[in-house]
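Peer 1: Here is what each chain is made of, one letter per residue.
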Amino acid sequence: AQKVTQAQTEISVVEKEDVTLDCVYETRDTTYYLFWYKQPPSGELVFLIRRNSFDEQNEISGRYSWNFQKSTSSFNFTITASQVVDSAVYFCALITTIKAAGNKLTFGGGTRVLVKP
Amino acid sequence: EAQVTQNPRYLITVTGKKLTVTCSQNMNHEYMSWYRQDPGLGLRQIYYSMNVEVTDKGDVPEGYKVSRKEKRNFPLILESPSPNQTSLYFCASSWGRGQPQHFGDGTRLSIL
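These protein sequence lines map, in sequence, to chains A and B. Using this note's numbering, the letters of the first sequence correspond one by one to residues 1 to 117. Using this note's numbering, the letters of the second sequence correspond one by one to residues 1 to 112.
Just so you know, the hints here were simulated from the structure itself, not pulled from any lab data. Keep in mind that this is a model prediction, so the values were computed, not measured. There's no promise every hint is true.
Now the in silico label distances, taken between C-beta atoms and shown as ranges [to be verified]: (1) B:E53 with A:V14: 46 to 56 Å; (2) B:R9 with A:T30: 38 to 48 Å; (3) A:V84 with B:K18: 17 to 27 Å; (4) B:S80 with A:V14: 19 to 29 Å; (5) B:N84 with A:I98: 40 to 50 Å; (6) A:K3 with B:P61: 17 to 27 Å; (7) B:V54 with A:V14: 46 to 56 Å; (8) A:E17 with B:E53: 26 to 36 Å; (9) A:K116 with B:V14: 23 to 33 Å; (10) B:T5 with A:E17: 15 to 25 Å; (11) A:F54 with B:G63: 18 to 28 Å; (12) B:D38 with A:T5: 38 to 48 Å; (13) B:E1 with A:N52: 20 to 30 Å.
C-beta atoms are modelled at their ideal positions from N, C-alpha and C, and glycine is treated no differently.
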């Protein structure tokens, strides 16, 4: 069975501060994919990034960066110089490639980020 | 524009009155899924489909039906809705198992 844990339920920062969201996952499968999604106050789910289990390169996209460490089963997400528009709930998710898992995304509980002006 | 479209966006209805939430995608994706999102329980998969006429249960299928007669459409059917099905529902599609799932805007259902 798969499990994704986001220990931080809510983080509050002041604009321009950096914020790091933690994600720890569990799976017995050797091939899997990790994702981050953003859910703004309007409610939709927006895909941010996908990473496969064989690629441990960190990634940067604008103010967003991701740190994947297989040794600690973590896939952390950092927002640099946060802005009010970053206020949202962020979900980490996992999917494996074994047939029995279907195409189910296993989500973490989410971290609510509040960026104050 | 590539998108997943769900309808209706909001619905308030009563126990026992059959309803259908439609989902359509224009990306020619093979895979489609339904999820529900509940406070404290997070996002859970209800049903999924890996191709036309191929559907299977997710984690919480009880009380729901789905069909996949065409590649682009994947409706969610509540034959006899009950209050415990009050939730925010999302349809998603992707072209492969490990590929990003693209979500619709969500349907908020209230069953009284």
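Peer 1: Please go over all the hints and tell whether each is borne out by the structure.
Peer 2: Comparing the hints with the structure gives:
Range check, E53 of chain B to V14 of chain A: about 53 Å between beta-carbon atoms, so the 46 to 56 Å window is met. For R9 of chain B and T30 of chain A, the Cβ-Cβ distance of about 40 Å falls inside the hinted range of 38 to 48 Å, so the restraint holds. Between V84 of chain A and K18 of chain B the beta carbons are some 43 Å apart, a value that contradicts the proposed interval 17 to 27 Å. A hinted range of 19 to 29 Å for the beta carbons of S80 of chain B and V14 of chain A is inconsistent with their spacing of about 50 Å.
In this structure the hint that N84 of chain B and I98 of chain A lie 40 to 50 Å apart at CB is violated, the actual value being about 30 Å. In this structure, K3 of chain A and P61 of chain B meet the distance hint of 17 to 27 Å, their C-beta atoms being roughly 20 Å apart. Our hint of 46 to 56 Å for V54 of chain B and V14 of chain A holds, since their Cβ atoms are close to 50 Å apart. For E17 of chain A and E53 of chain B, the hinted distance range of 26 to 36 Å is not satisfied, since their beta carbons lie about 51 Å from each other.
Between K116 of chain A and V14 of chain B the Cβ separation comes to about 42 Å, which falls outside the hinted range of 23 to 33 Å. Our hint of 15 to 25 Å for T5 of chain B and E17 of chain A is violated, since their Cβ atoms are close to 37 Å apart. F54 of chain A and G63 of chain B have their C-beta atoms about 39 Å apart, which leaves the hinted 18 to 28 Å range violated. Against the hinted window of 38 to 48 Å, the Cβ-Cβ separation of D38 of chain B and T5 of chain A comes to about 18 Å, which falls outside the hint.
Between E1 of chain B and N52 of chain A the CB atoms are about 27 Å apart, so this pair conforms to the stated range of 20 to 30 Å.
The structure shown violates the earlier hints numbered 3, 4, 5, 8, 9, 10, 11 and 12.
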